[in-house]
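Asks: With the sequences and hints as input, model every part of the structure.
If you read the sequences in order, they're chains H and V. Numbering follows the UniProt record's numbering, in which position 136 of the first sequence is assigned residue number 136; successive positions increment by one, without gaps. Numbering follows the UniProt record's numbering, in which position 146 of the second sequence is assigned residue number 146; successive positions increment by one, without gaps.
You can trust all of the hints, since none of them are fake.
Within a straight-line C-alpha distance of at most 25 Å, the following computed SDA-like cross-link-like pairs (lysine to any residue) qualify:
no.	chain 1	residue 1	chain 2	residue 2
1	H	Lys492	V	Pro40
2	H	Lys250	V	Ser98
3	H	Lys250	H	Pro496
4	H	Lys492	V	Arg96
5	H	Lys492	V	Asp68
Each pair of labels, with its calculated beta carbon distance range:
no.	chain 1	residue 1	chain 2	residue 2	range
6	H	Asp161	V	Leu38	22 to 32 Å
7	H	Phe437	V	Arg21	45 to 55 Å
8	H	Glu244	V	Glu36	45 to 55 Å
9	V	Asp16	H	Asp322	53 to 63 Å
10	V	Asn142	H	Leu189	51 to 61 Å
11	V	Asp16	H	Glu245	52 to 62 Å
12	H	Ser486	V	Gly61	13 to 23 Å
13	H	Glu405	V	Gly61	20 to 30 Å
14	H	Ala379	V	Arg21	52 to 62 Å
15	H	Gln493	V	Arg45	10 to 20 Å
In short, the hints are calculated from the structure, not lab data. Quick caveat: nothing in here was measured; it's all calculated off a predicted structure. For glycine and all other residues, C-beta sits at the position ideal for the given N, C-alpha and C.
What follows is the residue order along each chain.
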Amino acid sequence: MIDAETLAIFRTEADGLVESLEAGLLTLQERPGDRSVIDQVFRDLHTLKGTGGMFGQTELAAFVHGFESAFEAIRSGTSVASPALIAVCLKAHDHIMSLLAGERPGGAGTILADLATAVSGSAPADEQILPEVPTEASASASQESGAKTIPMMRISAERLDEMMDRVGELVIAEARLAEIAARSGVPALVSVTEDIQRLASSMRDATMSIRMTPISSITGRFRRLVHDLARQLDKPIDLVIEGEETELDKAVVEQLAEPLMHLIRNAADHGIEDAATRSRLGKSPSGQIRLSARQSGGEVEVELADDGRGLDEARIRAKAIDLGLLGLDADVGSADLQRLILSPGFSTAQQVTELSGRGVGMDVVRRTVSELRGSVDIASSSGSGTRVVIRLPLTLAIISGLLVEVAGERFTIPLSTVEEIVELPERSGPADASSRFLDIRGRLVPTMSLREVFASPPAPEMFPKVVIVGASGARVGLVVDRIIGSNQTVIKQLSPLHAGVSTFSGATILGDGAVALILDVATLVNQSKRPAPIERHLQEVLA
Amino acid sequence: MTLMSRPASRSLGNIDVVTLRLGQDTLAIRAEMLREVLEPVSITRVPGAPEFCCGLVNVRGTVVPLSDLRVTFGMPRTPLGPDSRILVLDLPLSGRASVVGIVADAVHEVTRVESHMLQTVPAVGTRWPPQFIEAIARIGGNFVMLPDIPAIFAAFLGGQSATTVGPQGQGAAA
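Replies: Below, the structure written as C-alpha cells:
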C-alpha cells in the first residue's frame with residue numbers, strides 16, 4: 001500500500017478540501033443561487049475524488065463520486081440548494097470526514113439515497129428528476145481559480161515549531177554576544193554584532209509572521225456548529241462573524257477553538273430564546289450570535305455576543321450561596337456575580353439546567369484562556385444578551401520585554417503592557433507605597449510595590465521608578481528599584497510545578513544566562529483592581 | 001538463593017543508582033533518570049512558589065524548575081555550599097516529558113545495586129514517609145534510601161491543585 005509519508009500528504013490535501021467543501025455548503029445555505037460557490041463545491045468534490053483515487057482510497061473515491069453526481073443536479077440547475085438538501089450534503093461531508101479519519105462508517109448507501117431523494121425533491125419548478133447516479137461526471141475538470149492566487153507551500157507545523165525554537169535560541173545567543181561586544185569595546189566586533197542583531201530581529205519577525213494564522217481557519221466549524229445547533233434546538237439562529245482576517249499565533253488560534261465552541265453552544269442553548277418567546281418579547285424571531293475579532297495593540301480581542309435573555313443574576317446568586325461561594329448577605333456587584341459563572345463549581349450539567357444559565361465548559365474557557373496568557377470578561381444585561389470578551393496576546397513565542405530590578409532580582413514586564421515610566425514622588429515613601437495612588441495627568445493610578453508582592457528582603461529604595469502598566473482596561477503602577485532596559489524576550493513556559501504561581505506568565509533567559517521571570521500583568525492588575533474582600537474570595541473560588 | 005529473596009516487584013532488579021548526600025542522610029536515585037549533574041549555577045527565586053520548588057535554573061538554554069527534597073523529608077534547608085550539586089532529571093510531569101532539577105548537598109558516585117541488596121520499605125519503623133520511599137538498598141554496608149521521585153512529584157502536583165499555596169498561590173492555570 002502507500003507509505004506513511006504519502007498518506008500524510010494526502011491527508012493534508014484532503015483536509016483542506018473537506019474544510020473548503022463544508023464552508024461552501026454553509027455559504028450555499030445562505031445564498032442558494034450563488035454560482036461561484038456552487039462551482040467551488042463541485043470543484044472540491046471533484047478534486048477530492050481525484051485525489052482519493054490517486055492515493056488508493058477507493059472507498060472514499062466511490063462515495064465522493066456518488067456525492068458529486070448528485071450535486072451535478074444543483075450545478076446544472078435542475079435542483080436548487082434547499083436547506084433540506086444542504087443538510088443531507090453536510091451529512092455526506094461528515095461521512096467523508098470519518099472515511100478520511102480511517103474509520104469504517106456504514107450507511108454510505110443510505111446517505112447517497114437520501115441525497116438522491118433530496119435532489120429530486122428540490123427541483124426548482126416542475127423539472128424532471130435526475131437519475132440517482134448519472135454516468136461518469138462529464139464535469140469539466142477542476143480549474144484552479146487562477147488570477148489572484150500566489151504560489152503557496154504547505155509546511156508541517158512541527159517544522160515550524162522547530163524553526164521557532166531555533167530562532168528563540170538565536171535571540172538568546174545574540175543578546176549574549178551583544179553584552180560581550182559592548183564590554184570588549186572592540187569596534188569591529190561591535191559592528192558585526194550590530195549586523196547580527198539586525199539579522200536576528202528580522203529573522204524573528206519573518207518566522208513569527210509565518211506562524212500567524214487568521215481566525216478564519218477555525219470559524220468554518222462554528223458555522224457548522226450553529227447550523228447543527230439551530231436544527232437540534234429548533235431555534236432559528238444566525239451566526240455573524242466579523243474580523244475573520246484577524247491573525248494570531250497558530251498555537252493560540254488552535255487552542256481558541258474549544259473555548260469558543262463552548263461559548264457558542266451556551267449562547268445557542270441557554271442564551272437565545274425560542275422563536276415564539278422572542279416574538280413575544282418584540283425581538284426578531286431568529287436569534288443572533290456574533291463572533292468578532294480585532295487586534296488592539298499587542299492583544300487580540302475576540303468577542304462572542306448573543307442577543308438572548310442574558311444571565312439570570314438572581315439565580316447565580318442563589319446558586320453561589322447554595323454552593324457556599326457567597327455569604328447570605330454578601331454585597332456583590334453585577335460584574336463580580338457574572339464572573340462567578342467562570343468558577344468550576346458552576347459547571348456541572350445538573351446545575352446548569354437548574355440555573356437556566358451558562359456553566360457547561362465555562363471553566364474550560366477560563367482555564368484555556370489563562371493558559372494562553374489571556375483574560376476573559378463577561379458583560380450581560382437581562383433580556384438583551386450576553387457578551388464574553390476574550391483578550392489574548394498576539395504571540396506565545398517571543399515578546400519585547402522591559403527588564404527591571406527589584407531587590408537585586410531581575411524581572412521582565414511585557415513591553416506591550418507598559419504605558420509609561422515615572423519616578424515615584426518623594427512623598428509616597430516606600431514603606432506604604434503599595435497603598436498609594438499616583439496622579440498621572442489627572443487620573444489616579446493605584447501603585448503596587450513589587451518588593452511587597454514578591455516578599456523581597458526590605459532594603460532602602462533610593463530612587464524607585466514606577467512602571468505604569470495596563471491590561472483589560474485598567475492601569476496599575478508597579479514600583480521597581482531600577483529599569484535595566486528593553487530586550488527581546490523568548491518566552492519559556494513554566495513547568496506544571498509552578499502552575500499555582502499566577503503572578504508570572506513564564507520565564508526567559510537573559511544575556512548572562514540567568515533566568516528571569518515574566519510578570520503576568522493581567523493578574524497583577526486584577527489583584528490591584530478590587531482590594532475588597534470579595535476579590536480575594538473570588539480568587540479563591542476561581543483558583 | 002531462596003524464593004523469598006527474589007525481588008518483590010519487577011522494578012526492583014539490578015539497578016544503577018547515583019548516591020548523594022542530603023542533610024545528614026545518603027540517598028540513591030536511579031541513574032536512568034539522571035541527565036546530568038551541575039555545579040550550583042545562578043538560581044532564580046520564584047516569589048510565591050511553594051518551598052518545594054521555589055527556584056528556576058538555566059540548563060543549556062532550557063528553563064528548568066529546581067526542587068528541594070529536603071522539604072519533602074522535613075529536613076532543614078541550608079544554603080548551597082561548595083559541594084552542593086544540582087541533579088538534572090528526566091521526569092514525566094502530568095503525563096508530559098519534563099526536566100526537573102533537584103538539590104543535593106553532595107554527589108558521591110554511580111554504583112550498581114544487586115537486586116538482593118534491595119528491599120521494600122517496612123510499613124513502620126522509618127522516620128520517612130513510606131509512600132515516598134521506593135526501596136532501601138544496602139550499599140557498602142550502609143542502608144540507603146531510594147526516594148520514589150515520581151511519587152513525590154505526583155503528590156506535589158496533586159496537592160497543589162487541591163489546595164492553594166502561599167499568598168500568590170491562587171493559580172489561574174492550576
